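Protein chains in written order, with this note's numbering: chain A, 1 to 404; chain B, 1 to 404.
Everything labelled a hint here was simulated from the structure, so no lab data went into it. Here the structure is a predicted model, which means the values were calculated and not measured. Heads up, a few of these hints could be off.
Copies of one chain are not kept apart here, so a pair can be met inside one copy or by any two copies together.
Result set (DSS-like, lysine-lysine): computed pairs, CA atoms no more than 25 Å apart in a straight line [unchecked claim]:
no.	residue 1	residue 2
1	LYS70	LYS4
2	LYS255	LYS53
3	LYS397	LYS369
4	LYS53	LYS383
Now for the letters of each chain:
There are 2 protein chains.
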Amino acid sequence: MNIKVIEDGGITSPLGFQAGAARASIKKPERYDLAVVVSQVPAVAAGVFTTNKFQAAPVQVSRRNIIHEKVIGFVVNSGSANACTGLPGLTDAEEMITKAAEAVGCYAEEMLIASTGVIGVPLPMGRILKGINDACANLSIKNGNIAAQAIMTTDTFAKEGAVQFDLEGKTITLGAMAKGSGMIHPDMATLLGFVTTDIAITKKCLREALLEANRDSFNMVTVDRDTSTNDSLFVLANGQAGNQLISEIESVGYKSFRDALSYLCTEMAKMIARDGEGATKLIEVQVLEANTNEDARKAARSIAASNLVKAAIFGEDANWGRIICALGYSGAEFNPDLVDVCIGDLKVAMNGQGLSFDEEVAKDILRNKTIVIKVVLKQGQAKSKAWGCDLTYEYVKINGEYRT
Amino acid sequence: MNIKVIEDGGITSPLGFQAGAARASIKKPERYDLAVVVSQVPAVAAGVFTTNKFQAAPVQVSRRNIIHEKVIGFVVNSGSANACTGLPGLTDAEEMITKAAEAVGCYAEEMLIASTGVIGVPLPMGRILKGINDACANLSIKNGNIAAQAIMTTDTFAKEGAVQFDLEGKTITLGAMAKGSGMIHPDMATLLGFVTTDIAITKKCLREALLEANRDSFNMVTVDRDTSTNDSLFVLANGQAGNQLISEIESVGYKSFRDALSYLCTEMAKMIARDGEGATKLIEVQVLEANTNEDARKAARSIAASNLVKAAIFGEDANWGRIICALGYSGAEFNPDLVDVCIGDLKVAMNGQGLSFDEEVAKDILRNKTIVIKVVLKQGQAKSKAWGCDLTYEYVKINGEYRT
Numbered sequence: 001m002n003i004k005v006i007e008d009g010g011i012t013s014p015l016g017f018q019a020g021a022a023r024a025s026i027k028k029p030e031r032y033d034l035a036v037v038v039s040q041v042p043a044v045a046a047g048v049f050t051t052n053k054f055q056a057a058p059v060q061v062s063r064r065n066i067i068h069e070k071v072i073g074f075v076v077n078s079g080s081a082n083a084c085t086g087l088p089g090l091t092d093a094e095e096m097i098t099k100a101a102e103a104v105g106c107y108a109e110e111m112l113i114a115s116t117g118v119i120g121v122p123l124p125m126g127r128i129l130k131g132i133n134d135a136c137a138n139l140s141i142k143n144g145n146i147a148a149q150a151i152m153t154t155d156t157f158a159k160e161g162a163v164q165f166d167l168e169g170k171t172i173t174l175g176a177m178a179k180g181s182g183m184i185h186p187d188m189a190t191l192l193g194f195v196t197t198d199i200a201i202t203k204k205c206l207r208e209a210l211l212e213a214n215r216d217s218f219n220m221v222t223v224d225r226d227t228s229t230n231d232s233l234f235v236l237a238n239g240q241a242g243n244q245l246i247s248e249i250e251s252v253g254y255k256s257f258r259d260a261l262s263y264l265c266t267e268m269a270k271m272i273a274r275d276g277e278g279a280t281k282l283i284e285v286q287v288l289e290a291n292t293n294e295d296a297r298k299a300a301r302s303i304a305a306s307n308l309v310k311a312a313i314f315g316e317d318a319n320w321g322r323i324i325c326a327l328g329y330s331g332a333e334f335n336p337d338l339v340d341v342c343i344g345d346l347k348v349a350m351n352g353q354g355l356s357f358d359e360e361v362a363k364d365i366l367r368n369k370t371i372v373i374k375v376v377l378k379q380g381q382a383k384s385k386a387w388g389c390d391l392t393y394e395y396v397k398i399n400g401e402y403r404t
Numbered sequence: 001m002n003i004k005v006i007e008d009g010g011i012t013s014p015l016g017f018q019a020g021a022a023r024a025s026i027k028k029p030e031r032y033d034l035a036v037v038v039s040q041v042p043a044v045a046a047g048v049f050t051t052n053k054f055q056a057a058p059v060q061v062s063r064r065n066i067i068h069e070k071v072i073g074f075v076v077n078s079g080s081a082n083a084c085t086g087l088p089g090l091t092d093a094e095e096m097i098t099k100a101a102e103a104v105g106c107y108a109e110e111m112l113i114a115s116t117g118v119i120g121v122p123l124p125m126g127r128i129l130k131g132i133n134d135a136c137a138n139l140s141i142k143n144g145n146i147a148a149q150a151i152m153t154t155d156t157f158a159k160e161g162a163v164q165f166d167l168e169g170k171t172i173t174l175g176a177m178a179k180g181s182g183m184i185h186p187d188m189a190t191l192l193g194f195v196t197t198d199i200a201i202t203k204k205c206l207r208e209a210l211l212e213a214n215r216d217s218f219n220m221v222t223v224d225r226d227t228s229t230n231d232s233l234f235v236l237a238n239g240q241a242g243n244q245l246i247s248e249i250e251s252v253g254y255k256s257f258r259d260a261l262s263y264l265c266t267e268m269a270k271m272i273a274r275d276g277e278g279a280t281k282l283i284e285v286q287v288l289e290a291n292t293n294e295d296a297r298k299a300a301r302s303i304a305a306s307n308l309v310k311a312a313i314f315g316e317d318a319n320w321g322r323i324i325c326a327l328g329y330s331g332a333e334f335n336p337d338l339v340d341v342c343i344g345d346l347k348v349a350m351n352g353q354g355l356s357f358d359e360e361v362a363k364d365i366l367r368n369k370t371i372v373i374k375v376v377l378k379q380g381q382a383k384s385k386a387w388g389c390d391l392t393y394e395y396v397k398i399n400g401e402y403r404t
């Protein structure tokens with residue numbers, strides 16, 4: 001299948017979606033911090049949410065509303081997570097979707113919601129409700145980018161993208177925006193991620209495709225092994241592309257859509273890893289020839305998540321012992337005496353033992369902005385990739401001063 | 001029971017133990033980097049070892065030898081871990097215990113061994129064998145401290161201690177030394193730790209006491225969630241105190257010994273956490289009123305291990321949302337709506353929601369060198385403690401430059 005990347009594409013690239021954003025001064029003045037995205041016609045939706053036992057109010061509300069047959073859109077704010085805020089927090093989240101629903105003319109139950117920012121601080125509801133009004137007043141297909149900006153916290157750049165593919169003569173478009181920079185660790189949708197698409201698909205197939213795409217994309221990103229109380233990933237499909245409804249996961253249409261969704265989610269996931277708090281380098285860990293996909297995933301995530309691997313990459317030190325070590329405690333099954341390790345194209349360990357290599361060649365590889373670590377287990381055919389970033393002084397600084 | 005701390009005590013405080021150390025120039029010249037500890041009479045021994053799938057050569061050798069009925073002592077080097085070194089590494093480890101056994105006059109099978117330092121680098125065997133000779137030549141009850149120095153890597157101070165208690169008119173002494181500063185994470189003996197004691201006890205009871213003591217001490221320390229390939233904890237008991245042999249875990253003698261061993265291991269564990277790589281503060285996490293001990297342990301370790309909690313403590317920021325978040329993904333069972341959180345004596349969250357508190361009071365608490373985080377789950381009677389340290393610029397620096 002041909003997946004075409006749409007340059008400067010985003011959440012409003014698919015047919016029938018609009019976005020709006022506002023400066024609501026939730027935490028900092030003069031920056032976009034509130035976004036609304038809506039479909040012009042009702043859309044089917046699917047979502048995955050954090051497994052943290054503390055579930056932020058917007059997570060609770062969205063979990064409930066996503067069960068409905070159709071949704072219209074969602075509202076998102078940055079600056080305050082509305083987590084650990086008790087019943088008042090729940091009431092605030094309800095009020096936010098009610099306000100957004102009023103503004104766009106739908107039922108509150110047809111809106112989803114997500115929040116990100118500091119935990120345990122009540123929302124400034126006056127400013128937020130005004131912000132929702134403002135954002136709904138500037139809904140447009142041109143405002144995808146400011147919506148993507150509005151959901152940033154410590155992110156240094158807005159994360160958005162869009163792809164297209166052809167299906168039975170129709171063009172299917174998928175758009176996405178995401179935020180995530182810290183508190184990022186796999187095993188659920190660890191971030192805020194939003195995907196829109198104009199494909200016609202059943203709710204059941206959409207959900208299945210989201211689970212498949214999420215597993216090998218957002219779930220394979222780790223910045224710091226900290227799993228947020230607010231993680232949410234939604235996908236809305238409004239059917240405006242005019243394709244024949246996809247209702248079987250064995251169909252060609254389903255598989256094409258799933259591949260496009262996986263591609264887009266993976267691109268967004270890599271953007272998140274590259275923009276990990278304080279990061280200077282993107283780390284891609286490839287685990288090859290594992291016995292099972294689950295072994296490969298465990299191994300890749302463990303290496304990408306290791307503080308010691310991450311600090312070594314920051315220091316541009318080809319300290320492959322850290323990689324071996326993180327592999328060894330990953331829980332994956334393999335024979336330690338068979339493992340090969342490459343940093344970029346340079347093989348540094350073979351059959352579980354170090355090779356002598358040219359440190360200057362290693363340094364040259366480690367000076368790049370993207371570092372690929374390849375681990376070959378020689379057990380079977382399964383493989384996986386995980387993404388992380390280096391651990392830097394700046395990470396410590398950002399998180400030592402987060403609330404201030 | 002009265003446990004008496006012996007001032008300036010260490011590995012040679014119990015009757016019948018001697019230590020020696022040498023400067024073998026393994027990685028850096030002019031520092032002690034090789035230690036030998038021996039009992040003058042055969043001792044029963046017990047050990048716990050890393051669960052990392054890559055098991056360093058000395059771990060493989062010690063696992064095998066600790067099965068023997070009696071051991072005489074152990075040899076330890078810093079500077080090189082002898083991990084991922086294949087068959088040559090195993091041969092080197094065997095040669096080290098053979099040389100030590102020759103020097104002290106016992107069988108190689110009666111010696112244990114541990115190594116710590118860089119992974120994957122062959123040992124400089126010439127200098128090491130000479131070092132073993134030198135260390136054995138200065139065996140003395142006075143050399144516990146230089147032995148403790150010899151096992152340091154990035155540690156900033158030597159970790160040693162000793163305690164005594166009375167049992168049926170006899171004085172029982174336990175001594176210990178440990179190293180550990182990075183690559184420290186629970187779920188096994190995550191460090192090198194060595195305990196000597198003059199108590200008379202069966203091998204079976206000694207092993208049981210070690211497992212019990214280890215579980216709530218060394219296993220509750222976390223610096224960076226990285227589990228080493230070399231972690232080992234040995235205890236040797238030589239019976240020189242002259243007490244009646246302890247052979248039942250229901251006996252008063254067993255319980256007293258286990259309590260003293262737990263106390264000593266906990267003190268060593270706290271030293272390790274306080275000296276975590278780059279650390280400026282010791283963090284003690286107390287989880288109270290959990291349903292089960294395992295829930296309490298999971299919760300305490302998860303909070304102590306969180307990069308975000310650790311960075312917030314470094315920044316002296318009372319960001320309790322980080323604590324709540326790490327508790328939420330710990331896997332422990334509890335009701336999020338009942339949780340109270342205190343930082344020092346300051347209650348910052350109650351029933352899962354934030355309280356307004358005086359930030360200046362919080363700052364004053366966070367300026368201390370030891371920070372106690374208390375989490376009350378209100379589920380049952382179980383409790384646990386875990387220890388960690390803050391995450392600092394210095395951690396990143398140390399591990400960006402570890403091999404250089």
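Comparing the hints with the structure gives:
1. LYS70 x LYS4: Neither: 28 Å inside a copy, 70 Å across copies.
2. LYS255 x LYS53: Cα proximity of LYS255 and LYS53: none, with 33 Å in one copy and 37 Å across.
3. LYS397 x LYS369: Classified as both: same-chain Cα gap 21 Å, cross-chain 19 Å, threshold 25 Å.
4. LYS53 x LYS383: Between copies only: 19 Å across chains, 31 Å inside a chain, cut-off 25 Å.
Hints 1, 2 from the list above are not met by this structure, while the remaining hints are.
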